Amino acid sequence: MDFSYSEEQQMLQDSVSKFISTEYDWDSRQAIAKSETGFSADHWQLFAELGWLTVPFKEDDGGFGGSAVDLIVTMEEFGKGLLVEPFLANTILAGTLIAEAGSSEQKTELLTPLMEGNVQLAFAYAEPQSRYELANIQCNAVINGDEIVLNGHKAVVLNGAAAEKILVSVRTSGDACDREGVSLLWVDANSAGIRRESYASVDGQRAADIWFDNVTLPTSNLLGDVGEAIDVIEMTIDRAALAICAEAVGAMQMSLFKTVEYSKIRKQFNTTLSTFQALQHRMANMFIEVEQAKSILLMAAMEMDRLDGKAPKALSAAKSRIGKAARLVGEESIQIHGGIGVTDELDVGHYFKRLTAIQFSFGSTDYHTARFAAS
Amino acid sequence: MNIDFSADELAFQQEVSTFLAEEFPEEIRNKTANSIELGKDDYVNWQKILAKKGWAATNWPVEHGGTGWTPTQKYIFGNECAKAGAPEVMAFGLKMVAPVIYIYGNEEQKQRFLPDILASNVWWCQGYSEPNAGSDLASLKTTAVREGDEYVVNGTKTWTTLGQHADWIFCLVRTGAADVKNQNAISFLLIDMKTPGINVSPIYLLDGSPEVNEVHFDNVRVPAENLIGEEGKGWTYAKVLLTHERTNIAGVTDSKNRLKDLKEKAAKTSDGMPGSHSMLSDNHAWQQKVAELEIELLALEYTELKTLAAVSTGKAPGPESSILKIKGTEIQQTIDILNVEMAGYYGLPFVRDQFMDGFDGVPIGPDQAAASAPIYFNNRKATIYGGSNEIQTNIICKAVLGL
Ligand SMILES: Cc1cc2nc3c(=O)[nH]c(=O)nc-3n(C[C@H](O)[C@H](O)[C@H](O)COP(=O)(O)OP(=O)(O)OC[C@H]3O[C@@H](n4cnc5c(N)ncnc54)[C@H](O)[C@@H]3O)c2cc1C
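Sequences listed follow chains A and B, in order.
In terms of my numbering, the first sequence opens at residue 704 and continues consecutively.
In terms of my numbering, the second sequence opens at residue 2 and continues consecutively.
Among the hints, a few may not be true.
[Claimed, not checked] Derived Cβ-Cβ restraints for the label pairs, each shown as a range:
no., chain 1, residue 1, chain 2, residue 2, range
1, A, 730, B, 226, 55 to 61 Å
2, A, 745, B, 241, 58 to 64 Å
3, A, 928, B, 35, 41 to 47 Å
[Unchecked claim] Below, computed lysine-lysine pairings styled on DSSO-like, alpha-carbon distance capped at 27 Å:
no., chain 1, residue 1, chain 2, residue 2
4, A, 997, A, 761
5, B, 290, A, 1016
6, B, 328, B, 264
7, B, 84, B, 49
8, B, 399, B, 240
9, A, 1027, B, 290
10, B, 234, A, 1027
11, B, 53, B, 111
12, B, 142, A, 1027
13, B, 328, B, 257
14, B, 195, B, 111
15, B, 307, B, 328
16, B, 75, B, 240
17, A, 967, B, 32
18, B, 290, B, 234
19, A, 970, B, 41
20, A, 1016, A, 961
21, B, 266, B, 84
22, B, 316, B, 290
23, B, 195, B, 142
24, B, 307, A, 1027
25, B, 111, A, 967
26, B, 240, B, 111
27, A, 1027, B, 264
28, B, 290, B, 240
29, B, 32, A, 970
30, B, 84, B, 269
31, B, 261, A, 1027
32, B, 195, B, 41
33, A, 997, A, 721
34, B, 399, B, 84
35, A, 970, B, 399
36, B, 53, B, 84
37, B, 142, B, 49
38, B, 234, B, 399
39, B, 75, B, 49
40, B, 54, A, 1027
If you're looking for bench data, these hints aren't it; they were derived computationally from the structure.
Treat the numbers as computed from the prediction; the structure is a model and nothing was measured.
C-beta atoms are modelled at their ideal positions from N, C-alpha and C, and glycine is treated no differently.
Please work from the sequences and hints to get the whole structure.
In structure tokens form, the structure reads like this:
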């Protein structure tokens, strides 16, 4: 048994951690989050130079290795800094789909510039009616010879505003919710017939709702086989779920740390909050939650790397348990801070917001509890 | 044992509900129904309508323009208002400072302040908390030093809710002795917000709203006639006010409304489970959570009625109000998170304008989803203010269990 990271993983962690602690202090993060694009293009270039944008990919594809453990190492550190750069949308969502379903030409066209930091991508999968059911797709694509006509509405597309190319899950046959007939394609974000409403999300990231109105594209933009995309989409969303679980673990550690530190300096009734046993026990309980979350995260990452088909169940266990921990740690951090905790100014409230968004992304806590039970 | 209302009470209930149906403005009703934030004007308009009817001051004695209602009548009124989606009156003037003025103020102060409070002509805010005096309010440091027939006030008040709208602020200040521990040095002072030396700066909360403020006092000269009662008695007055009846502290009816709304919406939201075609309202885990919430709320409703019955027979509300505060806010916050959960991905977009008055952009997501997360974030305050839930728990430990 060995829970230690490999030398490469250790170096990766050190490099991300160093970046977060030296370049990503709270004020810088807030300035970036509030800027027009919501992320720093300079940082993005730096991530490319440092090789971080290759983390989710296999060496054959020019990547770092692509193990789930590599991914959680990176995301946990990002979580500590509440990173707003669209790493998840680009590399994990869009990138995984291209790596898993794309042809070698498509990889050259999309994956290489992605790893070099030269293109912004997004994956549009959710729809207003779908909630977390990935096959619940009404966006439809009609294939006519070598042309495709795309219509529909995709909801809350992460990085949807900055994306230059958008991967879209579409229905090419079957009824809404059928697993058969789901296809994957990519489209230039500036194509005629695309309308985007972009906005900030509650956690300071950016997203957009996107409408496709008779958008035409060549069939060469299809990724993988027509009608057979649901498996790769599910696998990709599970990877993204694992990534945000790791992010949550990083964010929870910081939230707990900041709360404990605050309790040691805030004085009421002539003593620090840290001396009230009622609060001590609650902070100890938060610590237990964080440890349980870390453990189940490692379990899920290792299962994912084993490739023996047990990954979805393991991932659901992690997402469910970490969702529960994220809620408790986020809410308790605010409560123990008191009034200052509900202000926009202090970072602890923003950890809470991100922890909340994580609970409801890529399957809620209840969704994954149910999926665990059913698998 | 009997929980039925008497015939008179039922008639009163009918009268209130008819009045609300006729007089409560449609515009405000729509805003509340669509989770749009109410502005100052909404409150003032509604309170003026209530004042015209003579129902603005439900807790005041009749001699000052109050309703003279029994606790049960007040309860019925609060209930009917919540059912109709009518907001509670802003507490600061009508429920907080007014009782202090009519109980401890002199005749001149009563004449000067009460009519304008009753008519909602002035907006009050509460200046108790300070950066270093939250739960431990008695450690407050803002000073008021007597110079001739004026007090010179220096210090900082914080968390001042809606202070940006306020014409007046009622403050707890330290007069005389600088001994921080001494509660007998705290006085109750009314201050005109237009006085030179007052500076109000907004504090933004997690939902982006400038709901609270920091209020700085820099050599603010306040006429001594604005002191309520005696110097050094402010703490006692404030305490009496706190134990003074606080209506609807549990927010039961409001929570009932929100729960009903939640259930209706869940029946129209797909549950999004893998391979499932059913609605969220049919989902077992969801049903379980909603049922547990509803049961807790039912218990709280009866705890509230029990308290009400005791108050009606003349007993002072004791530590029961701590139970109402703790359970009431926990229930509200559970409803908050269930709304976020129901919104699914549409809980994520933060389009603040969408839940503000006058929004004319493209709405993102279904009804109420847009406001669900901001409401959840903002309302974490409910377990912090008004005596935090930890402080309420301490009260139960001390006052009830004798620990
Ligand atoms: C949105 C909002 C609006 C407000 N509006 C007003 C207003 O209009 N006017 C006004 O005067 N004030 C207002 N307040 C202030 C409010 O009353 C204080 O926030 C509250 O008293 C808590 O004080 P604090 O924030 O300084 O937290 P602290 O007192 O620092 O408490 C921090 C944490 O420690 C806990 N704690 C403290 N003491 C103990 C103890 N002995 N045992 C166990 N736990 C303890 C608290 O419960 C809390 O969880 C408002 C606050 C908020 C958040």
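Agreement of residue 84(B) and residue 269(B) with the hint, judged by alpha carbon distance not exceeding 27 Å: Holds - the C-alpha atoms of residue 269(B) and residue 84(B) are around 22 Å apart, at most 27 Å.
Pair hint outcome, residue 75(B) versus residue 49(B) [Cα-Cα no greater than 27 Å]: Satisfied, since the Cα-Cα distance of roughly 18 Å is no more than 27 Å.
Hint check for residue 241(B) and residue 745(A) - Cβ pair distance inside 58 to 64 Å: 60 Å, holds
Pairwise hint evaluation, residue 264(B) against residue 1027(A), where the allowed Cα distance is 27 Å at most: Roughly 23 Å between the alpha carbons, so the hint for residue 1027(A) and residue 264(B) holds.
Restraint check for residue 1027(A) with residue 290(B), where alpha carbons must lie at most 27 Å apart: 14 Å, holds
Distance restraint between residue 307(B) and residue 1027(A), which requires alpha-carbon spacing of 27 Å or less: 35 Å, violated
27 Å Cα cutoff - pair residue 328(B), residue 264(B): Measuring from Cα to Cα gives roughly 21 Å; hence the hint holds.
Hint consistency between residue 195(B) and residue 41(B) [alpha-carbon to alpha-carbon, up to 27 Å]: The given pair, whose Cα atoms are some 18 Å apart, holds under the 27 Å limit.
Satisfaction of hint between residue 961(A) and residue 1016(A), Cα-Cα up to 27 Å: 33 Å, violated
Holds or violated: residue 997(A) to residue 721(A), with C-alpha atoms at most 27 Å apart: Holds, because 21 Å separates the two Cα atoms, which is no more than 27 Å.
Distance restraint between residue 142(B) and residue 1027(A), which requires alpha-carbon spacing of 27 Å or less: 41 Å, violated
Proposed proximity, residue 240(B) with residue 399(B) (alpha carbon, max 27 Å): 16 Å, holds
In this structure, the hints that do not hold are numbers 1, 10, 12, 17, 18, 19, 20, 22, 24, 25, 28, 29, 34, 37 and 40, in rising order.
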